[in-house]
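Asker: Sequence:
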Amino acid sequence: MTSKRLLTDGELAFLNGVDSPTVANAIERFAIRDRTEGFIGGDVQSVYPELGSMVGRALTVTMSNAPGEPAQREGYWRMWEALDAMEGPVVMVVADASGAPERVAYAGEIMSRLAQRLGAVGMVTDGALRDVDEVRGIGFHYFMRFPVVSHANYEIASVGEPINIGGQRIVTGDLLHGDRNGIVVIPWETLDRLPDEVDAVRRVERADMDIIAGDDFTLEKYKSHRGYGS
145 MTSKRLLTDG ELAFLNGVDS PTVANAIERF AIRDRTEGFI GGDVQSVYPE
195 LGSMVGRALT VTMSNAPGEP AQREGYWRMW EALDAMEGPV VMVVADASGA
245 PERVAYAGEI MSRLAQRLGA VGMVTDGALR DVDEVRGIGF HYFMRFPVVS
295 HANYEIASVG EPINIGGQRI VTGDLLHGDR NGIVVIPWET LDRLPDEVDA
345 VRRVERADMD IIAGDDFTLE KYKSHRGYGS
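The opening residue of the sequence shown carries number 145 in this note's numbering; numbering runs sequentially from there.
Note that these hints are calculated values from the structure, not bench results.
Mixed in with the good hints, there may be bad ones.
Unchecked claim - The calculated SDA-like cross-link candidates involving lysine to any residue, where the alpha carbons are at most 25 Å apart (straight line), are: (1) K148 - E172; (2) K367 - R337; (3) K148 - E213; (4) K148 - A175; (5) K367 - A344; (6) K367 - I355; (7) K367 - D336; (8) K365 - R337; (9) K148 - G182; (10) K365 - M353; (11) K148 - E278; (12) K148 - G304.
Unchecked claim - Quick list of simulated restraints, FRET-style, between CB atoms: (13) Y220 - P193: 23 to 31 Å; (14) I254 - I176: 26 to 34 Å; (15) I176 - E278: 39 to 47 Å; (16) R370 - E181: 23 to 31 Å.
Since the structure is predicted, the reported quantities are computational estimates derived from the model, not experimental observations.
Ideal Cβ placement from N, Cα and C applies to all residues, glycine included.
All chains, full assembly: derive it from the sequences and hints.
Answerer: Take a look at the structure:
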């Protein structure tokens, strides 16, 4: 079950100062999930890597696109009401239900500005978004597969229901950490001890890199350092 607790200011500041691969490696040390789980697949990529880390609780949404009459907007307002009701930084996570994500942009500048005003720090989708230059200007994270020029006939099919995106199940309230490397899901129960494990990962990696860069480096020395012996 996903925790409903919020990030403290200190936790948020800490997470904003760590890269996502280090977070992923630190979570491995808790041995609480399979190593093939806990992250969104690589098709979903950061559009604005210069913004650094994106941290927030997920709001899950499913969107579709179909020809015919203009889509109903009841779900549209339900989505914004759900976002407005959430506390702390939020990441909107949009799963494509159209089957043809290359044919519809699920958000652009206006929706991004509204999302930001209501507390969101970014939007993640296995489909498309648009207004790429304009949204960069407001500092709102985009993670997507590609841009599409038209919003077509998009419709919000569900809000707050579990979704699967990039091979990963995401539930509203999940804690997400993303940067130019991708997005990792942070189990809430690891958060109190995560800084210590991040420090441990950094120490181990620093020692590895020092040996690799050393004048006396040999593969046998590195194998011994890693406990493989000769």
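Asker: Hint by hint, which ones does this structure get wrong, listed from lowest number up?
Answerer: Going through the list in order, the structure violates hints 2, 3, 7, 8, 11 and 14 and respects the others.
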